[in-house]
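Asks: Sequence:
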Amino acid sequence: MEYEKIDWSDASPEELALAYKKFRDTKRELENKAKVASQHMADIEAAMLAYMDDTGTDSFRTPVATISKTIKEDISVADWDIFLPWLYDQAKEREANGKNPLDLFSFFQKRVAVNEVRHFMEVNDGHVPPAVNVFPKYSVSVRSR
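Quick note on numbering: the numbering used here labels position 11 of the sequence shown as 28, and the sequence is numbered without any gaps.
If you are wondering where the hints come from, they were derived from the structure by calculation, not from laboratory data.
All figures in this text were calculated on a predicted structure; none of them were measured in a lab.
Yeah, the Cβ is synthetic: ideal placement off N, Cα and C, and Gly gets one too.
Be aware that one or more of the hints could be misleading.
[To be verified] Here are the simulated DSSO-like cross-link-like pairs (lysine-lysine), alpha carbons at most 30 Å apart as the crow flies:
#1 K39 / K52
#2 K86 / K52
#3 K86 / K109
#4 K127 / K89
#5 K50 / K89
#6 K109 / K127
#7 K52 / K154
#8 K127 / K116
#9 K89 / K52
#10 K22 / K154
#11 K22 / K44
#12 K116 / K38
#13 K39 / K154
#14 K22 / K39
#15 K50 / K38
#16 K50 / K86
#17 K154 / K127
#18 K116 / K44
#19 K52 / K22
#20 K50 / K39
#21 K22 / K38
#22 K50 / K22
[Claimed, not checked] Label-pair ranges, simulated between beta-carbon atoms:
#23 N132 / D60: 51 to 57 Å
#24 E46 / K109: 53 to 59 Å
#25 V131 / A82: 37 to 43 Å
#26 E139 / D96: 46 to 52 Å
#27 E21 / H144: 42 to 48 Å
#28 H144 / F77: 58 to 64 Å
#29 W97 / A51: 32 to 38 Å
#30 L47 / K154: 21 to 27 Å
#31 M69 / F124: 29 to 35 Å
#32 I99 / Y37: 44 to 50 Å
Let's have the full structure, built from the sequences with the hints guiding it.
Replies: Here it is, written out as structure tokens:
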């Protein structure tokens, strides 16, 4: 299925609303099907991992695919009140050893918290922190009657 652009410039407001609702409903239907497919795939993946565990292998081949066991790590901070002081101590230690303490920012993803920037802007007359871009984006809300 490919996207084909439709010219909506001559459509009435009612036609636009009806078309929007139709595509929204179709999208929801497809998202629900995708969720079910993902659940089935997770079950199958668990069965393949169990097979490899039972056979003591890290991979197996079939006529349709080669399946390999890989490791993916999910990492999260369990206690920010412990982690942040530790990171601060690491920064002080790096600085004392002549290294750049700012290198420790690599522990974080390169993005800012949207809510914090919004709050900053609210209390600073709409000013944005230095080197931060804010791109207002309008959207529409369509509610069924």
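Asks: Now look at each hint and say whether the structure bears it out.
Replies: Hints and how they fare:
1. As the CA atoms of K39 and K52 are separated by approximately 20 Å, the hinted pair is consistent with the 30 Å bound.
2. Note on K86 and K52: the hinted pairing holds, with a Cα-Cα distance of about 23 Å set against a maximum of 30 Å.
3. Our distance criterion of 30 Å between C-alpha atoms is broken by K86 and K109, whose separation comes to about 40 Å.
4. Proposed proximity of K127 and K89 is supported: the alpha carbons are some 21 Å apart, at most 30 Å.
5. Note on K50 and K89: the hinted pairing holds, with a Cα-Cα distance of about 26 Å set against a maximum of 30 Å.
6. At most 30 Å may separate the alpha-carbon atoms for a hinted pair to count; K109 and K127 meet this at roughly 22 Å.
7. In summary, the hint linking K52 to K154 is supported, as the alpha carbons are separated by about 29 Å, within the 30 Å threshold.
8. For a cut-off of 30 Å, the pair hint linking K127 to K116 stands: about 21 Å separates their Cα positions.
9. A C-alpha spacing of about 21 Å is found between K89 and K52, which places the hinted pair at or below 30 Å, so the restraint holds.
10. A C-alpha spacing of about 22 Å is found between K22 and K154, which places the hinted pair at or below 30 Å, so the restraint holds.
11. The straight-line distance between the Cα atoms of K22 and K44 is roughly 17 Å, inside the 30 Å bound, and the hint therefore holds.
12. Distance restraint check for K116 and K38: the Cα-Cα separation of roughly 57 Å exceeds the 30 Å cut-off, and the hinted pair is therefore not satisfied.
13. For the hint linking K39 to K154, the alpha-carbon distance of about 24 Å falls within 30 Å, and the restraint holds.
14. A threshold of 30 Å between alpha carbons decides the hint, and for K22 with K39 the separation of about 16 Å falls inside it, so the pair holds.
15. Under the criterion of a C-alpha separation no larger than 30 Å, the hint pairing K50 with K38 is consistent with the structure, at around 18 Å.
16. Distance check on the hinted pair: K50 and K86 sit about 27 Å apart at the alpha-carbon level, within 30 Å; holds.
17. A C-alpha spacing of about 21 Å is found between K154 and K127, which places the hinted pair at or below 30 Å, so the restraint holds.
18. Distance hint between K116 and K44 is unfulfilled; the C-alpha atoms sit about 51 Å from each other, more than 30 Å.
19. Using a Cα cut-off of 30 Å, the hinted pair K52 and K22 holds, with the two alpha carbons roughly 27 Å apart.
20. Note on K50 and K39: the hinted pairing holds, with a Cα-Cα distance of about 17 Å set against a maximum of 30 Å.
21. A threshold of 30 Å between alpha carbons decides the hint, and for K22 with K38 the separation of about 17 Å falls inside it, so the pair holds.
22. This hinted pair checks out: K50 and K22 have alpha carbons roughly 25 Å apart, not beyond 30 Å.
23. Separated by about 37 Å at the C-beta atoms, N132 and D60 break the suggested range of 51 to 57 Å.
24. A hinted range of 53 to 59 Å holds for the C-beta pair E46 and K109, which are about 55 Å apart.
25. Judged by the Cβ atoms, the range 37 to 43 Å given for V131 and A82 holds: they are separated by roughly 40 Å.
26. Between E139 and D96 the C-beta distance comes to about 29 Å, which lies outside the given range of 46 to 52 Å.
27. Against the hinted window of 42 to 48 Å, the Cβ-Cβ separation of E21 and H144 comes to about 44 Å, which satisfies the hint.
28. For H144 and F77, the hinted distance range of 58 to 64 Å is satisfied, since their beta carbons lie about 59 Å from each other.
29. At about 34 Å, the CB distance of W97 to A51 agrees with the hint of 32 to 38 Å.
30. Take L47 and K154: their Cβ atoms lie about 24 Å apart, and the range 21 to 27 Å holds.
31. Between M69 and F124 the beta carbons are some 33 Å apart, a value that agrees with the proposed interval 29 to 35 Å.
32. In this structure, I99 and Y37 meet the distance hint of 44 to 50 Å, their C-beta atoms being roughly 48 Å apart.
Figure legend: structure checked against the earlier numbered hints; hints not met, in rising order: 3, 12, 18, 23, 26.
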